[in-house]
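A.B. asks: Below are the chains, spelled out letter by letter.
4 protein chains.
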Amino acid sequence: MTKPRLRIGLIGTGFMGKAHVFGFTLAPRVFDLPYELELHTVADITPAAAEAAARRLGFAHSTANWHDIVTNPEIDLVSITAPNALHKDMALAAIAAGKHVYCEKPLAPRASDALEMTLAAEARGVKTQVGFNYLCNPMLALARQMIEAGELGEIRGYRGLHAEDYMADAAAPFTFRHDPAGGGALADIGSHALATAEFLCGPISRVMGDCVTMIAERPDGKGGTRRVEVDDLSRAFLRFASGATGSVEGNWIATGRKMQHDFEVYGTRGALAFSQEHFNVLNFFSTADARGRQGFRRIEAGPDHAPYGLFCVAAGHQIGFNDLKAIEVAGFVNAIAGAPEPFSFRKGLRIQTLIETIQASSRAQAWMDVP
Amino acid sequence: MTKPRLRIGLIGTGFMGKAHVFGFTLAPRVFDLPYELELHTVADITPAAAEAAARRLGFAHSTANWHDIVTNPEIDLVSITAPNALHKDMALAAIAAGKHVYCEKPLAPRASDALEMTLAAEARGVKTQVGFNYLCNPMLALARQMIEAGELGEIRGYRGLHAEDYMADAAAPFTFRHDPAGGGALADIGSHALATAEFLCGPISRVMGDCVTMIAERPDGKGGTRRVEVDDLSRAFLRFASGATGSVEGNWIATGRKMQHDFEVYGTRGALAFSQEHFNVLNFFSTADARGRQGFRRIEAGPDHAPYGLFCVAAGHQIGFNDLKAIEVAGFVNAIAGAPEPFSFRKGLRIQTLIETIQASSRAQAWMDVP
Amino acid sequence: MTKPRLRIGLIGTGFMGKAHVFGFTLAPRVFDLPYELELHTVADITPAAAEAAARRLGFAHSTANWHDIVTNPEIDLVSITAPNALHKDMALAAIAAGKHVYCEKPLAPRASDALEMTLAAEARGVKTQVGFNYLCNPMLALARQMIEAGELGEIRGYRGLHAEDYMADAAAPFTFRHDPAGGGALADIGSHALATAEFLCGPISRVMGDCVTMIAERPDGKGGTRRVEVDDLSRAFLRFASGATGSVEGNWIATGRKMQHDFEVYGTRGALAFSQEHFNVLNFFSTADARGRQGFRRIEAGPDHAPYGLFCVAAGHQIGFNDLKAIEVAGFVNAIAGAPEPFSFRKGLRIQTLIETIQASSRAQAWMDVP
Amino acid sequence: MTKPRLRIGLIGTGFMGKAHVFGFTLAPRVFDLPYELELHTVADITPAAAEAAARRLGFAHSTANWHDIVTNPEIDLVSITAPNALHKDMALAAIAAGKHVYCEKPLAPRASDALEMTLAAEARGVKTQVGFNYLCNPMLALARQMIEAGELGEIRGYRGLHAEDYMADAAAPFTFRHDPAGGGALADIGSHALATAEFLCGPISRVMGDCVTMIAERPDGKGGTRRVEVDDLSRAFLRFASGATGSVEGNWIATGRKMQHDFEVYGTRGALAFSQEHFNVLNFFSTADARGRQGFRRIEAGPDHAPYGLFCVAAGHQIGFNDLKAIEVAGFVNAIAGAPEPFSFRKGLRIQTLIETIQASSRAQAWMDVP
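If you read the protein sequences in the order shown, they are chains P, W, B and V.
At position 267 of the first sequence (counting the first as 1) the number is 267 in the working numbering, and the numbers step up by one without a gap.
At position 206 of the second sequence (counting the first as 1) the number is 206 in the working numbering, and the numbers step up by one without a gap.
At position 249 of the third sequence (counting the first as 1) the number is 249 in the working numbering, and the numbers step up by one without a gap.
At position 136 of the fourth sequence (counting the first as 1) the number is 136 in the working numbering, and the numbers step up by one without a gap.
Be aware that a few hints might be false.
[As the list claims (entries may be wrong)] Label pairs and their in silico Cβ distance ranges:
{"no.": "1", "chain 1": "W", "residue 1": "Ala-181", "chain 2": "P", "residue 2": "Arg-291", "range": "44 to 54 Å"}
{"no.": "2", "chain 1": "P", "residue 1": "Arg-124", "chain 2": "W", "residue 2": "Pro-73", "range": "44 to 54 Å"}
{"no.": "3", "chain 1": "V", "residue 1": "Ala-288", "chain 2": "W", "residue 2": "Ala-181", "range": "49 to 59 Å"}
{"no.": "4", "chain 1": "B", "residue 1": "Gly-309", "chain 2": "V", "residue 2": "Asp-32", "range": "25 to 35 Å"}
{"no.": "5", "chain 1": "B", "residue 1": "Arg-269", "chain 2": "P", "residue 2": "Ala-181", "range": "50 to 60 Å"}
{"no.": "6", "chain 1": "W", "residue 1": "Gly-150", "chain 2": "P", "residue 2": "Arg-269", "range": "46 to 56 Å"}
{"no.": "7", "chain 1": "P", "residue 1": "Gln-145", "chain 2": "V", "residue 2": "Ala-288", "range": "43 to 53 Å"}
[Claimed, not checked] Pairs of lysine to aspartate or glutamate, EDC-like flavour, derived with a Cα cap of 16 Å:
{"no.": "8", "chain 1": "B", "residue 1": "Lys-3", "chain 2": "V", "residue 2": "Glu-51"}
{"no.": "9", "chain 1": "V", "residue 1": "Lys-3", "chain 2": "B", "residue 2": "Glu-51"}
{"no.": "10", "chain 1": "P", "residue 1": "Lys-3", "chain 2": "W", "residue 2": "Asp-220"}
It should be emphasised that the hints constitute simulated quantities derived from the structure, not laboratory data.
Because the structure is a prediction, the values reported are computed rather than measured.
Virtual Cβ for every residue (Gly too), placed ideally from N, Cα, C.
If we strip away everything but chain P, and leave its shape as in the complex, we get:
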């Protein structure tokens, strides 16, 4: 009757580290999980920082050396929220030690690394997850379910977007995100637009990319400037295996936009329109509505849209970003107990492959098949 324990080690305590903890804390109180979650050890840069984080976030132990986590036999699951460049080493070490690995996106700077990580995890038989949290939204689940059930008919056109303005200020200094290994706007946030596109419409088979660097140099923080090579804004034309066509844009210099993770999908019998800035809403148009009464219908998330009802008893109350993280955690914990992995390393690899194909297509100025 007592549930088995799943002991968690967390590497990184920044925004995403905290978000993981919110998820680990909320998930067992919202869902009936197969495990009891135990916050075992947290790793940060210094012993003091790690100890403070442990106290604040509720971990029993702390360390300044992430290897302590991946080698500790008591730990079952390793959460990786450290800078992108470290994901691979950490994940491979954790996999080698037989841990389940929950890694923030992007999985790795290069698809080749992501492939290595994926194959290692599959060979070792551990479960993996990449944090594509927007896909955990009940309204995206609803959208996919409506598309699969044919409520839109056959899909013809897709328009996806992820635009923010956090890199719009050219005077903001060069950071790891401007390093080619960091990836640029397409890898950083365009990846969300790609993940959503495939989540809803299935595999993308062919792309034509247009990756642009608008801010060609940034202050290096030492009084000089540093050349920026990554994209600020990327667009792609898409062909889906289904025959549908579409486009996506990833843009981190979209002045004024804070979370324009939007899509519109048009089918022969209906359409959906969504904006992450109102992520508890899905707009639905149906040609089945009576003449003179047709229009986009603003469906608000409610108990009819699982698992919303586990968070809020009635529509309109709204779940937040951290609740999406709880849904993500629940998905991974269930996967560890045997359910399908909602967003495994293999899927993270897939997104990385899409990104690199778009980038290569942009460089070649030619359409390319997605491998």
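Given chain P, work out where chains W, B and V should sit, using these hints.
C.D. replies: Frame of chain P, contents of chains W, B and V only:
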């Protein structure tokens, strides 16, 4: 360096009980609280239900007798989320035992009861809180701050609303909410509109009420019907002590509306418009904007609007209903450590007084001063 | 086969005079009217102004004396767009001369005057119209048709509004609109909210008013100030003969609002929400929609919503304010040929009666039956 | 003092013919034009249809032979609203006869034809205009003025769109619009998106197109089917001469969309967002707004945005599609009197060139410089 512990007893494990637990769980991970929170004991109807709830929600102990909680000397804070009719007995018992009391709204069916509870708590020196969670929204804090800072000039007009449709179906059976002790639409949700009105514009001094019962009888669940006496829809004209005038509506038969907790406030130099269905947004009009460039500005909650930034690193991610509960918990825990009580029993009494004055005014068909 | 001519005299060449001309010019090109419209004579303050207006607006003749129009036997229809205080004399003179009269709102400062005008017109057998142009919107026709057809079920609650900010500046000088004969916010724009309420939900039987003057004096234009007695903001509770209840607000100091002529109407099976700022859209909620797929549906005006299709071949193009005026003109011209009058002096009288009952109720601080 | 007359001949009496007449009728009443406009002759397919149209629309004469219009020495201006395939012959004949020519878009099926027409008009010294009416919107004028004045800083990114659903039904029969000479979605409505893009951001220098036919055959109206070669949906990446980059989409199978002529433009200091479905509104974000008070500002068209004030005395009343046509007419009439041509054949040629370059780029699957 170790924080003192604050041991919590929770009575009730329904939607609001769960929301309290979300709050207790999230708050210490989001805020730097003066206490370490410990989920000590939970009470439910039967031992089995209580034990299951304890396991699921993370309490160390459980009981089927709420008196065990209020009398347990180990417990510091009692959360009351049981049906409204029981609030008074539970709160008075907890106060008598020297516990801090966190009670869901409405505090009590009658202002006289709320007064008794308030005076008891103040006499005993314990801290109290009523769960008016919508007031915990960073955008409402922003609205109040803008009004106080004079960004709207002198306030002239206010329009407030809380409309939902959860009682719109006349075939839905009579419940405790239809009992005069339960209070009706004004007490149940109009109370939120009143709380917001005073939160933003200060004391209401005079009211004219219009309380209407549209569904006069409901199925009694035994094949017959039962007469409904409480209001389905209440309106009031308002006079504020400041000289502003306004109106509110509480409505639980507003077909299609899920969370229309909205307000507009008009001043001599600006205006605000808000809808709870997009509660991470505040719309602001300023006459100081340049001619030809004026318009309502859609401000999205972000790190500039504390404490949003403790939940999400950037604007647009959005906090949810349960995050508001975490803010509410943090406010109460800080109050226990000496900060002002954000929404004490005395304020709960105030709302109850407003409700009853509006109801009396409606019966008398006459304006009435708010005591 | 040639259509008879209807010769038009226009008094007043301001905003509304011009709007009438737009209407007279567009209507015969949009609708198949029973008459050919001829712009015969226009009257303005001075001969020069009148002559210029004639040239600009397309009238054959001009005059500086409005009596020339009402006494000219060649003229069939007199349009009155002069200041409100002159409506009565002009209309009575035109009626006495057997002209059809099209008068801008408000019909007259007092219901007693409106009654005199109404009875005179009915006795003389001429057709009359008051310019309540918002009612000419195809989406309001749709709303009424949906309500009448029972698509919303039985109506329970109504919330109406007409708020603007054109009197929000306390430094703006006293004008004829601030004169008690001019009427204040309720008469000036609240009248639209009342007209829409009855257009949709039928007769209002009982009201409780709250009329407020917030700006008690204004510059008199001569260096001094003048006391303002009319209301800046008026609210009313409503009872409809149908059993529905509701509220309206008229407000000309609603900072930031330009055309908040909005309503929401809630029935047992559906609801409508409308905003004049997007008057080509009607939002419709139906409980008949499938579970999990319900929501307010944004219906855009299109050819299914007559007479929109006569203006634009497809939805989304949008008609504008002056097009509403063309619909209004067509309605009146058809009435002259025998169709029912869409908004006769009797209906103008009705609105004036509602206004005065609300004002009297506010003064008496008591509910009043509408005569 | 009397204005010279400008005598108008109209070819075609469908939706666009009627819209031209609305424009000719409204414009002189709204604007102080340099000419008096006279509706001289209208041409339709049969004498009876032409005569009926003349009576209904207010023309003095009618004809079933369009040559009568272009050769009539009394006529100064020829409006061409006949099917696209006839534009060229009609325009060349009118130009040869020394008429000013106002032609609906698209100017001609091929850029080579448009070039011939342009050169003929310029050689003959007549004024020309193509009906890109969405550009006549005061809010687009405002947008351009804001961009030119540097209110957005340097433009970096542009996203444009024109999507409707009028060809979404695959069972709808093959029409002239499906003929390669008709052009497809890009030519028919994507042209608007291109015109707006250049109107706001200046010349497009380079494109990469993606033109897609989703409905490959349609009923031929005789029981069989006919192959469709034109695009249903076209996308393009854009490079502007200014250095900005962007994208556009033209789509006539966007289920549920009626008038999604939208754009977003992002600069270093601000951004604009616009939707034709609310074309009296422009949304403006400025980084100059105070911290914590930034957001997209909903500017409603009003008298500050010329020439709106000539139509409506106050913001919020809204102009409609036919009012845009009146602005278009006024622009052309002023051009005939010597002002710059707002949208001459040369500009129509430019749009046609953009369309064909995008189509060629799509076929070649390669970026192309715009000639």
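A.B. asks: Against each hint, give a clear statement of whether it holds in the structure.
C.D. replies: These are the hints, each one checked on the structure:
Against the hinted window of 44 to 54 Å, the Cβ-Cβ separation of Ala-181 of chain W and Arg-291 of chain P comes to about 49 Å, which satisfies the hint. Against the hinted window of 44 to 54 Å, the Cβ-Cβ separation of Arg-124 of chain P and Pro-73 of chain W comes to about 51 Å, which satisfies the hint. Checked against the given bound of 49 to 59 Å, the beta carbons of Ala-288 of chain V and Ala-181 of chain W, roughly 55 Å apart, stay inside it. The supplied range of 25 to 35 Å is met by Gly-309 of chain B and Asp-32 of chain V, whose beta-carbon atoms lie about 32 Å from each other.
For the hinted restraint 50 to 60 Å between Arg-269 of chain B and Ala-181 of chain P, the CB-CB distance of approximately 59 Å keeps it satisfied. Under the hint 46 to 56 Å, the C-beta atoms of Gly-150 of chain W and Arg-269 of chain P, about 54 Å apart, fit the expected range. Separated by about 44 Å at the C-beta atoms, Gln-145 of chain P and Ala-288 of chain V satisfy the suggested range of 43 to 53 Å. Of the pairs offered as hints, the one joining Lys-3 of chain B and Glu-51 of chain V holds, with about 14 Å between alpha carbons and a cut-off of 16 Å not exceeded.
The suggested pairing of Lys-3 of chain V with Glu-51 of chain B holds, with an alpha-carbon distance near 14 Å, which does not exceed 16 Å. Using a Cα cut-off of 16 Å, the hinted pair Lys-3 of chain P and Asp-220 of chain W is violated, with the two alpha carbons roughly 42 Å apart.
Checked against the numbered hints above, the structure breaks only hint 10 and satisfies the rest.
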